[in-house]
Structures are given as C-alpha cells and as structure tokens.
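Peer 1: Take the sequences, apply the hints, and build the full model.
Top line first, the protein sequences correspond to chains A and B. Counting from 1, one number per residue, gives the positions in the first sequence under the numbering used here. Counting from 1001, one number per residue, gives the positions in the second sequence under the numbering used here.
Among the hints, erroneous ones may be present.
The calculated DSSO-like cross-link candidates involving lysine-lysine, where the alpha carbons are at most 30 Å apart (straight line), are [as the list claims (entries may be wrong)]:
| # | chain 1 | residue 1 | chain 2 | residue 2 |
| --- | --- | --- | --- | --- |
| 1 | A | Lys363 | A | Lys169 |
| 2 | A | Lys364 | A | Lys169 |
| 3 | A | Lys169 | B | Lys1367 |
| 4 | B | Lys1462 | A | Lys169 |
| 5 | A | Lys363 | A | Lys158 |
| 6 | A | Lys158 | A | Lys169 |
Everything labelled a hint here was simulated from the structure, so no lab data went into it.
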Amino acid sequence: MIMSYHPSLLPLAAICVSLLATVPILLSDRRPNLRESWTLLAAIGKFCLVAVMLPSVLAGEGFVLTLAEVVPGVPIQLRVDAMGMFFALVASFLWIFTSIYSIGYMRSLEEHDQTRYFASFAVAIGATIGVAFSANLLTLYLFYELLSLSTYPLVTHKQNDEARASGRKYLSFILGTSIGLVLPAMLITYMVAGTLDFMPGGILAGQASSATLSLLLVLFLFGFAKAALMPMHGWLPAAMVAPTPVSSFLHGVAVVKVGVFSILRVIFGIFGTDLLGELDLGLTITVVASLTILVASLIALTQDNLKRRLAYSTIGQLSYMVLGAGMLSAAGMTGGLLHIAMHAFGKITLFFCAGAIYVASHKKYISEMDGLGRRMPLTYGAFLLGSLSIIGMPPLGGFISKWNLLLGAIEGQQLLLVAVLVGSSLLNAAYFFPIVYRGFFISPAGEPDNPGIQEAPLCCLIPLLTTAVLSLGLFFFPDVLLQLVRQALAL
Amino acid sequence: MTATNLHLYVMAVPLLSAFAVNLFGRRYRAAIGPVAVSALGFSTIAALLTLLRVLQQGGYRYTVGNWQPPYGIELVIDPLSALMLLLISAVALTAAIGALKSTEQELPGREHLFFTLYLILVAGLLGLVMTGDAFNLYVLLEITSITTYGLIAMGGGRAPLASFNYIIMGSIGACFYLLGVGYLYILTGTLNMADIASILPGLESHAAMATAFGFMLVGLWVKMAFFPLHNWLPNAYSLAPTGAGMMIAPLMTKVTVYLMIRVMFSIFSPEYTFFAHSGVQAGIVWVAALAILCASALALAQRNLRRMLTYILVAEVGYMVGGVWLANTTGMTGAVLHIVNDALMTLCLFLAAAAIVYRTGSLEFDKLRGLYRRMPLTMAAFTVGAFSMIGVPPTCGFFSKWYLILGAVEAGHWEFVVALVLSSLINAVLFFRIIEIAYFQKPEQAAAGGLLAGEAPLLLLKPLLVAAVALLAVGIGSGPLVSQVIRLALPSGMVP
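Peer 2: This is the structure we're talking about:
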C-alpha cells in the first residue's frame, strides 16, 4: 500500500504535549500531587493524540508537517508513517504506566528532586516521539540529541560519585558517537544524495561507490550508540545507576529503541534493502548483531546485580532487532521490527519488577533474593511472564517476533543465524530462570518459612501486572502491530 | 535624515552620545545608562531598516560629505556590511544593558569613562564594516583598538599589563596592515578599495603585490588572534572588566574576520587570493585546523570559566578563517553564518559568566558548585550557549558547523573536517565538565526563597535570556537567513 500524506498539526501536538508539560511541572514544584497530575495528563494526552492518528495511518493516510527549512533541501519535518506510528504507539502507551510507576517508586523511596526528575522525563518522551515522527535524518538527529541530553539528569539523578562516573560514561558514548560518527556520516550522505529524506527504497542507490557506502553503514551502525551494538554498549550497564523507572522505560524502551529505530530508519529509508542486498552489506549487519547477541547473553549470566543482568539482556535483545533487519528478508525484517514492541512490553515488566523488589525489600543483588517470591508472589509471577516473553516462549508476545526471526533465518538458509537465535534463547532462559527459581524455591537462611505477603505499593504493582498481562495478550492480539509492521515494510 | 543616509546615523548616534556621556556623565550619573542604551537601541533599529532596504533594493555606495572618491571617503553598504551593522549594534545593545549592573559593581564612579570608551568602540566597529577605503579602515581599526586597550586596562589586578601586552601586539598588527596599504598605494596610487580592485588586475603580478597582500593578512590575523598569533587575547579578554569583555569578545574577532573577507575579495579578487600562489590556500586551511585543535587543547587546561571561554574564542577564529579559505561557496557561507552565530554564542556565554561573577565574585571552577540550584535561569541560558558551542541542533552553532564541514568535505580538506569534529567533542568535554560541577557539587551556602533568590539582577538576567533565545531563533531561522541574506552577502566572483 502506498502511503499518502496530509498536512496536519497532530504530530507536532503529540510531541509538544509532553515538552510543554515541563512548564507546569516545574512551576508546581511545591505541590507534588498537582505536579504528578500534569505528568499523567500529558501521558494520557500524548497517547490519545498518537492513537487518534492510528486509524488513518492504518488506512494508508499519514500526516506531515514542515516546521522550518533549515538547510537547502532538508527541512525540520515531521511525518507519521506506519513505522513511526508503530514505535510511537508502543512508547506513548508504555509511558502512561511508567508515569504511574514512577510516582509510586519515587514517593516510596522519598527520592530528592522529583520535580527535575519528572520534567526531564517529559522532555525525554517528547524527544522519543520526535524520533518516531522524523521525516528525515536531520530531524531525527535533532530529537536524538535532545533525548541524549534530557536523559543525562535522569541517569545522574542520585548525584553521587557513582552517578557522576556513569553520567560521564553515558555522555562519552552517546554524545561522542553521535557527533563523531553520525554527524560526518549524515553530512557525507547529504553531499552524495543531496537530501536526507527517508524514502522507501533509500536515497543512496547509485550515488556513491561501494566503499563509501560500506563506510557509511559502519558509521551509522556504531554511531547510533543507543542501540548498544558491541563495542558501543558500555554506557547501558553504567546507566543502571539511575532510578528504576528510568531504567525500565528509557533503558528498556525509549532510549535504546530510539537507537535501534534510527538504525532501522537508515537501513530502510537511507540505504534501502535492495541496495544493501546488492552490496552484500546485510552480512556485516548480521555478524555484528550476532556477536553482540551471544556475548551480551554470556555476560548477563555472570551479573549478580539484577538491573545489570537486565541491562546485558537488553543489549542482546536489541541486536535481535538489528539482526532481523540485516537479514533483508520479509520474515526477518518483520520479526526485527515486531521485537521492538514485544521486547518493550517484556523488558519493562522485568525492570518494573526489579524496582518493585527494591522498593519492597531494598535488595539489588540476585544472590540476596532467596525466597522473595513467596513474599511477593504477584511481582514474581509478572517477572516470570516477562522473562518467558523475552525468551520467546508461547503464549507470550516475544514468541511471535522470535518465530518470524527464525523463519527469516531459515528462509535465507542461514543456518548459523538459526544457531545463534536458538542458542541465545537458551542463554536467556539460563539467566532468567535461576532468578525465579531462587525466589520461589530456595528458603532464605534464618527467616521464618511463611513470612507473609509484602508487595510493593499499588502504584508500582498495577503497572507491572498490566504490562505482564499485556505481553501475554500480544500473543493473541498482535493484529494492529503486525499490520503496521507489514505496512512499514511495504509487504 | 533620509533613507539613503540612514546607515550614517547608525554610526553617528553612538559616537555623539559618547561625547555626551563623557561631558555630562560625571554629574548626571543616572542618565548614563539610558543615554547609552537608547543610542544603541536607535542604532539597532536603524541598522535593521538599512538591512531591509539593502535586501530590497540592493547595495549602494555613499560618499561622505559628497567628496568624490578616490579622494573622499566612500562607505559601502551591501548585504554583508548591512548584516554586520545589525549584528554589531544588536550585540552591543544587549551587552550594554548587561554591562550596567556589572560596571556599577566593578567600576563605581567610573561608569561615564567606561561608557564613553564603550560607545566610541561601537561606533568604530560600525564604521569599520562600512568603509570602502583601505586607509580609513586602518584609522578605524586603530580607534577600536585604542578604545579596547583603554577598556581592558580599566580591569583590576594584572589587567593593565595584559592591556600593555595587547598594545604591543596590536600595534605590530596595525603596522603590518599599514605597510600593506602603503605598498598598494605605491602600486595603484589610490586608497579606495573599489579603485584598487579595478586597477590591480591590470598590473603584472608583482612581488610588491604579494607582499602587500601578505602584510595586510598578517596584520589582521594578529588583530583577530588567529593561532599562533593569539597570545595576547586570553589575558586581555579574561582580565578586562566584565562589562567590556562581554561586548569585546563577541565582536572584535568577528569584525576582524569580516575585514579579512573585505581585503580578500573587495581589494584583491578571489582568483588572486586563492589561485595566484599555489599552496597558500591549502596551507592556511591546515593552519586553521591546527588553530582549532591547539586552542581547544589549551582550553582544556584552564581552571577558570572566562579564561576557558577565551581559548574557545581563539578556536572559533580558526573555524571562520578556515571556512573562508576553503575557497568554495559552502565554506564561505559557513564562515559568514559562523560570524553571526559565534557572536551570539559568545555574547550568551560571556553574559552568563557576568551573571555568575556578579553573584559569586569568581569564575574559578571550584566556585561554580551548585549553581544549577542557586541560579537556575542563568545556568539554563548558559546550557543553551554551551550546546550551541558543542553544536547540538536546533541551536545556531550546529548549522554553521554543518556548512563548514560540508564545505571542507567538498574541498577535500579532510584535516579541517577532523578538526571541526574533534573540536565539537572537546567542547562537549569542556562544557560538561562545568555542567557537572554546577550540577553535582553542593553549593557552599544553601539558597533560600524562590526561583530568583540567588539569581543575578533582572537587568543582567534579561539580556542573557534574550541572547539564549536568540541562539535558538537564529538556529531555526538559519534556512531563510542563509538563502535570503548570506547568499546575497557572499562576495561576487566566488565559485558558485
């Protein structure tokens, strides 16, 4: 289906509703209840604005808005197409639950500077939707940088020495690669193609030598360090020093997937899959992604800090998405794109659980979590669902994306990739199941057998249960997402 | 006052009000500020009208007192000089408002002297960008230099020494320039730029011509602190009174870059500049790349905010000189856009530094602790300025860097590309180091009261916020700015 685009203010409104919400949030510094109402209002408003656009996008009618022509041929332009809608839908939907969860988490722990926290969060989600709705690489770069900078206060929220060191690492990786690699790559692209628009089929075909194109691809792959392709992954475990809602939403959904989304945009909209196939560059992508998948899963096995284990798991799962795109086959790309959503629901559940455990018991290390499942059965049940989804077991959402990825690998007769996918799923099971096992079946030393229920506050519990149930539901009702993905890939 | 000589008033009003401030300022202290600000406000409006007129009707030449060239002094108002008029008067106006509070604190009882020099300096800068006469340019250059020496020497501590150092270096630069003009006069018998430009191509390429060109360039390079001739700048600009620094730093180097463009394209021709001597063009781009890297590295070694900014200023001069010497339209566009952007960025950062020093009394890094909590608005504006220096879109710094890198890629000067990218990264380190100190470390005394409790006075805060907003506005508007103003302002004869 060919998309047609109509001018509309809706995409701008969807981005700005949270950017503008920072003002009332900052002004209601001294009235927490009012402040949190603004956050919730913005979250719900943003989702509604995105959802309003959904039916017409599904019907093949997107939206476009040109804000300013800043460089000849490259305006700051927003465009809502199926792929952007897919990502925006997932991100804005999950932000609602993250907001509720944030309120529960931050208040239970009596965290300092909550106003700054909520304001930065609002900017970050605005930037995320901006990336989703960017019509060209320059606009995407603008929102990408805004996201990097707005998440810095969130990562360093604790303001202690550890946070400072992590903040440095975070910025060195993210800002260093975006200025050092993406910016030159973008300029070279602009010079050879004369435009930076994301076009179906790409803009680079026939414009430059294969050496230049290979160089560009490498610059983009590693330049978008938010996708955490090894060796550009070091920031993600470090960023786990942030409060857990930040880790769950930004480092499980928004920031990392913005990285993947940017890479996919470049693969589909700048290079075009045909060109990559011609030059045999898909292989480069799959090799980098496969290595990342395996190595990250292995490292995850060794981590005792729950959040760090989840972080390495994320690094591995992100590469599934890149891997799918690198297969350049319909099933592979479908799987890769779908995994953005499926992993988002699964991983946010896991992070929510990690945070709930910390709120209820102040425990960070897996080795301390013996028998905790009996005190927090709901949380651990959700954790189980989330990890099953990530492993890719039916009947959970993760199965659908991994199934498509496997299909893609088999169709392409890439047996090594099949091995990577299967091996990684086993590794995923190996690093998730012990956590659940410890929680339910090992009795903690020196504590009574039946300690009673001690769950986290409802504000934390409800979001994590919802997302867990939703990742179950996505197995049965993936239709809307699947249709968006098919449309995005023009299948 | 008619539309055709409006530009004259842009310069004359600050000049005349300088005398008024000097004569009556001692007695009527309260009037100094309003007089200076309204004079500069008038200049800004008149400069804006001049620019609009030039954009609509094209550039024109004006003979002062109707003395015909080559004997009389000719003023040239074209899109580039009109743009510079607006930039200078707007920056000087914003800085003057900020300087009111700073001088009140730092130079009590000497405000009238300060503003006299300040206004003459602005008038001199405005004259510099208009003049079409090579010798008149020298005279105005000396007027601006001498007033700058005076302003810098008003600072405390070692400022007089820094000023003296600057006098020596500045005089050497001026001598070089004057010698160059002398050679040209011997060769052509005229001092009018347009006349020289029309006579020069008819002459055989002569060693004297090359010498004149070289001398004039070196003279201007000293004045603009082009690495490695920059040694005078960091001391002079960081020890100057705060109020002087925030006008001199944004404008002086940028105006001198503009003068270099004039010498290269209005006196000499692009063909002569870029192609008469092989290797010179490429060599200067290399030096510019080196300038960017070395100055950035030196900035890393500083432990004082204002000193750090002065080294960044030296690096930025490398951006512009390199951009001009890339010898293509894109690079030139980048350089001219960067003149505008860098003036605004420097203004914003120096104003922020002024606001901080007004409250804390020091710009040593250790004294910046907890500033995000004490002075949230100042630091917000500082952060915008910092992002612009790093080159984060949509701040204006990103877009000039865009054209500069693109021009360098087009010209195949990869060393310049590397220098620009590395300098962005170093700027990120430089500014995040400060952001970190201001954000992480607890302030020495806790702030009490509302948002404005620890802030600088409103009179200083407002121009700062205006400058920060301007960075965003110019960034988002850089498309029209380039296509409707700067494209017209590019020297004719550039390779399209």
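Peer 1: Taking the earlier hints as the rules, which of them does this structure contradict?
Peer 2: Violated: hint 4 alone.
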